[in-house]
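Enquirer: Input sequences plus hints: build the corresponding full structure.
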Amino acid sequence: MSACPVSLETLPQSPEGKEILTCLQCGVCAGTCPYGEVMDYPPRRMIAMMRAGMLEKVFTSDGLLACVACYACMAKCPRGIRLTEILLPLMKEQTLAHLPELPGELQKALQNTLRYGNPMGEPSRKRAAWVKTAGVPIRIFAEDRRPADALWFVECYTSYYPRGQDNCRATAKLFHRLGVDFAILGNEEKCAGECGRLTWEPGLFETLMDYNMAVFQKYQFNRVVTSCPHAHNAFKNRYPALGFNWGLEHVTPFLAKYLDVLKPLLTRKLPYTVTYHDSCCLGRQNEFYEAPRQLLRLIPGVKLIEMVHNSVNSICCGGGGGGMWLDTYFKAKGYERLSERRVTEAVATGADVLAVSCPYEVSRFEDALKVLGYDKRMIVRDVTELLAEAMEE
Amino acid sequence: MHILVLLKMVPDVVEDLEIADGGRTLDLDYLRMILSESDDHALEQALLLKERHGAKLTVLALDAPEVDDALFTAAAKGADRVLKVTGLDAGCTTRLAAHVFAQVAAAQPGVMPADLVLTGVQAIDDLDGLVAPLVADELRLPYLGIITGISTDPSGKIVRAIKEFPAGVRGEFEVRLPAVLGIQAAERPPRYVPVAKVRAASKSVRIECIPAPLPAGDGCPAVNVVQMKRNEPAGHAEMLEGAPEQVSGRLCAILAERGLF
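As you go down the protein sequences, you meet chains R and E in turn.
Using the numbering used here, read the first sequence as starting at 1 and increasing by one per residue.
Using the numbering used here, read the second sequence as starting at 1 and increasing by one per residue.
Hint data in this document are derived by calculation from the structure and do not stem from the laboratory.
Hints may be right or wrong, so weigh each one.
Facing chain E, from chain R, some residues (calculated, C-beta under 7 angstroms) [to be verified]:
hint, residue
1, H98
2, L102
3, P123
4, R125
5, G203
6, L204
7, T207
Straight-line Cα separation of at most 30 angstroms, DSSO-like style, residue types lysine-lysine; simulated pairs [what the hints assert, rightly or not]:
hint, chain 1, residue 1, chain 2, residue 2
8, R, K236, E, K197
9, E, K229, R, K132
10, R, K218, E, K50
11, R, K108, E, K197
12, R, K57, E, K197
13, R, K269, R, K218
14, R, K108, E, K163
15, R, K108, E, K50
16, R, K126, E, K229
17, E, K56, R, K108
18, R, K303, R, K370
19, R, K18, E, K197
20, R, K173, R, K132
21, E, K203, R, K108
22, R, K173, R, K303
23, R, K108, R, K236
24, R, K218, E, K229
Quick caveat, the model's predicted, so the values are computed rather than measured.
Ideal Cβ positions, reconstructed from N, Cα and C, are used throughout, including at glycine.
Expert: See below:
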């Protein structure tokens with residue numbers, strides 16, 4: 001089943017296309033786009049080309065590859081046009097189809113995601129290997145089919161990437177202390193596919209969506225709680241087309257519902273000055289701005305300060321929309337890495353911890369801090385890691 | 001021009017390999033199979049030739065788990081006809097694989113004559129690179145291996161093939177067709193084909209299934225596997241941790257202990 005029934009050909013006649021054609025041509029989208037200056041056809045010009053029936057010309061430039069699906073253009077549009085949802089993925093798909101060769105890093109990530117269910121090309125049979133290091137029991141549905149309240153959809157970077165696994169261990173510890181009745185899919189889980197869709201690969205997304213929905217239907221649970229804002233985004237906005245009707249939470253806002261229970265558990269004072277980076281999917285797309293900040297303020301000793309660009313104005317880490325696997329391509333083009341732009345702003349606050357809620361950001365920001373020589377001045381921690389640290393004896 | 005590409009699935013070493021009870025084969029139930037990397041390059045080279053000069057492209061594969069995905073992907077990329085040989089035991093020997101390829105190619109209507117037969121020069125289960133020359137021998141065709149580029153002359157009867165040698169030396173050979181070429185690498189990396197196209201091919205393309213011919217000779221391989229074993233680590237790396245002064249001190253002590261200075 002198609003996750004997005006609108007094609008570039010049918011777009012102008014569709015309700016979504018008619019909405020796009022109400023564009024005022026004010027240019028706020030291009031101005032707010034973090035890579036607007038490197039695009040030959042930033043969103044405003046693209047819409048103008050669409051009106052003129054000249055979209056083909058847009059595909060002659062590869063500039064649209066720089067769209068990192070950060071939702072900034074969508075959040076700022078005075079007409080409320082949902083560019084990141086419809087036009088940009090369709091245009092990006094065509095832009096990539098017109099390239100003589102797909103950027104190698106991106107091609108490998110897409111092939112790995114199809115074959116192994118994760119973009120890193122890690123063995124699908126080792127997806128749940130982190131469980132052995134969790135420090136608390138983790139129930140895997142395939143081994144114990146009893147119903148659970150929550151299906152914890154762990155996702156790729158949290159399952160495999162060593163620093164992502166720190167997030168997993170922290171989340172597992174928090175769930176146990178809070179008495180959450182949960183289970184995971186273990187090796188049956190595959191990437192939710194959100195970046196496949198926003199990269200250009202609707203077929204990959206549909207394949208993953210079909211697979212994950214079939215696995216979901218094998219077990220009984222009331223809600224899906226996921227560590228990844230990208231998975232949250234896919235489950236919320238796309239999976240319902242295939243019958244996804246369970247409750248849905250991202251771990252961070254889910255934990256924020258337990259503030260009263262958490263508070264007495266956070267006994268260890270953390271002498272950190274923390275600045276929080278709003279993930280694009282969790283923030284601009286789903287407006288979870290306050291929940292992570294509530295959790296951070298709950299930690300004894302933590303002083304929370306804001307970056308200049310925060311909440312709806314947050315600057316993307318550069319990982320969305322396939323940007324996670326286009327660093328080499330962007331570098332060859334001479335583009336500034338958005339993760340470096342972001343940590344420069346974070347360091348300027350004087351904070352010593354950059355707190356995040358998206359598994360992509362840990363690797364991107366830790367790398368950017370090292371590249372810029374700031375790794376002695378600032379560390380990156382997921383909100384869950386800080387909460388778990390504050391729970392230690 | 002008619003190009004025949006031979007594809008073979010090999011164990012996917014990203015996933016764990018397990019040795020079966022008895023210790024003489026891999027556990028085939030546990031294996032995942034993937035298209036051999038150099039066969040993928042052979043397919044890409046064939047697609048490039050088809051795009052440049054126009055050609056009919058036939059792909060013949062040996063049956064194995066996940067081979068249908070590989071064939072539908074080949075069709076989505078531009079193969080005109082896809083066939084697979086069924087009824088072979090998984091993990092057949094190199095000699096048997098070559099024999100089956102040659103027998104099926106010769107017997108199946110429309111597969112031969114082919115002007116060019118391309119296949120990977122090597123596979124992880126054929127490090128000696130014997131499949132392509134054995135196929136050439138059975139088909140009585142000339143063979144050239146370790147090829148990294150092919151161009152054809154206007155007559156379409158001769159190709160120029162780039163062959164790699166050690167120390168960065170490359171040779172250019174003229175090969176009169178028909179011929180078998182063992183591809184080390186295509187002129188560009190194997191292309192990406194959108195998953196939607198593969199899904200569409202899986203609905204519209206028919207894979208022709210050909211029963212495997214009887215093995216040549218008495219069917220007994222000349223070489224038998226006696227035992228498979230995992231490598232046993234003989235040593236380990238020691239990671240030095242601590243402050244730079246401590247690490248450098250410990251490093252100097254180790255070098256001194258071992259008589260290295």
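Enquirer: Are the hints correct? Go through all of them and say.
Expert: Each hint tested on the structure:
1. Hint status for H98(R) relative to chain E: violated, with the closest Cβ pair at about 13 angstroms, above 7 angstroms.
2. A distance limit of 7 angstroms between C-beta atoms decides the matter here; for L102(R) the minimum to chain E is near 5 angstroms, and the interface restraint holds.
3. Taken as an interface hint, P123(R) checks out: its beta carbon lies about 5 angstroms from the nearest beta carbon of chain E, inside 7 angstroms.
4. Restraint check, R125(R) versus chain E: the minimum CB separation of about 6 angstroms is within 7 angstroms; hint holds.
5. Look at G203(R): its Cβ gets to within about 3 angstroms of chain E, closer than 7 angstroms, so that hint holds up.
6. Nearest Cβ of chain E to the Cβ of L204(R): about 4 angstroms, under the 7 angstroms cut. The hint holds.
7. Because the beta carbon of T207(R) sits about 6 angstroms from the nearest beta carbon in chain E, less than 7 angstroms, this interface hint is met.
8. For the hint linking K236(R) to K197(E), the alpha-carbon distance of about 26 angstroms falls within 30 angstroms, and the restraint holds.
9. Distance check on the hinted pair: K229(E) and K132(R) sit about 26 angstroms apart at the alpha-carbon level, within 30 angstroms; holds.
10. With a CA separation close to 46 angstroms, the supplied pair K218(R) and K50(E) exceeds the 30 angstroms bound.
11. Taken as a hint, the K108(R) and K197(E) pair is honoured in the structure, with Cα atoms around 18 angstroms apart against an allowance of 30 angstroms.
12. Taking the CA atoms of K57(R) and K197(E), the gap is near 24 angstroms; set against the 30 angstroms cutoff, the hint holds.
13. Between K269(R) and K218(R) the CA atoms are separated by roughly 43 angstroms; this puts the pair beyond 30 angstroms, and the hint is violated.
14. Under the criterion of a C-alpha separation no larger than 30 angstroms, the hint pairing K108(R) with K163(E) is consistent with the structure, at around 27 angstroms.
15. At most 30 angstroms may separate the alpha-carbon atoms for a hinted pair to count; K108(R) and K50(E) meet this at roughly 24 angstroms.
16. With a C-alpha separation of about 22 angstroms, the suggested pair K126(R) and K229(E) falls inside the 30 angstroms cut-off, and the hint holds.
17. Annotation: proposed proximity of K56(E) to K108(R) holds, straight-line Cα distance about 28 angstroms (limit 30 angstroms).
18. At most 30 angstroms may separate the alpha-carbon atoms for a hinted pair to count; K303(R) and K370(R) meet this at roughly 24 angstroms.
19. Annotation: proposed proximity of K18(R) to K197(E) holds, straight-line Cα distance about 29 angstroms (limit 30 angstroms).
20. For the given pair, K173(R) sits about 13 angstroms from K132(R) by alpha-carbon distance, which is consistent with the 30 angstroms threshold.
21. Distance check on the hinted pair: K203(E) and K108(R) sit about 25 angstroms apart at the alpha-carbon level, within 30 angstroms; holds.
22. In summary, the hint linking K173(R) to K303(R) is supported, as the alpha carbons are separated by about 24 angstroms, within the 30 angstroms threshold.
23. With a C-alpha separation of about 27 angstroms, the suggested pairing of K108(R) with K236(R) holds against the 30 angstroms cut-off.
24. A distance of roughly 38 angstroms separates the Cα atoms of K218(R) and K229(E); the hinted pair therefore is violated under the 30 angstroms criterion.
When each numbered hint is compared with the structure, violations occur for hints 1, 10, 13, 24.
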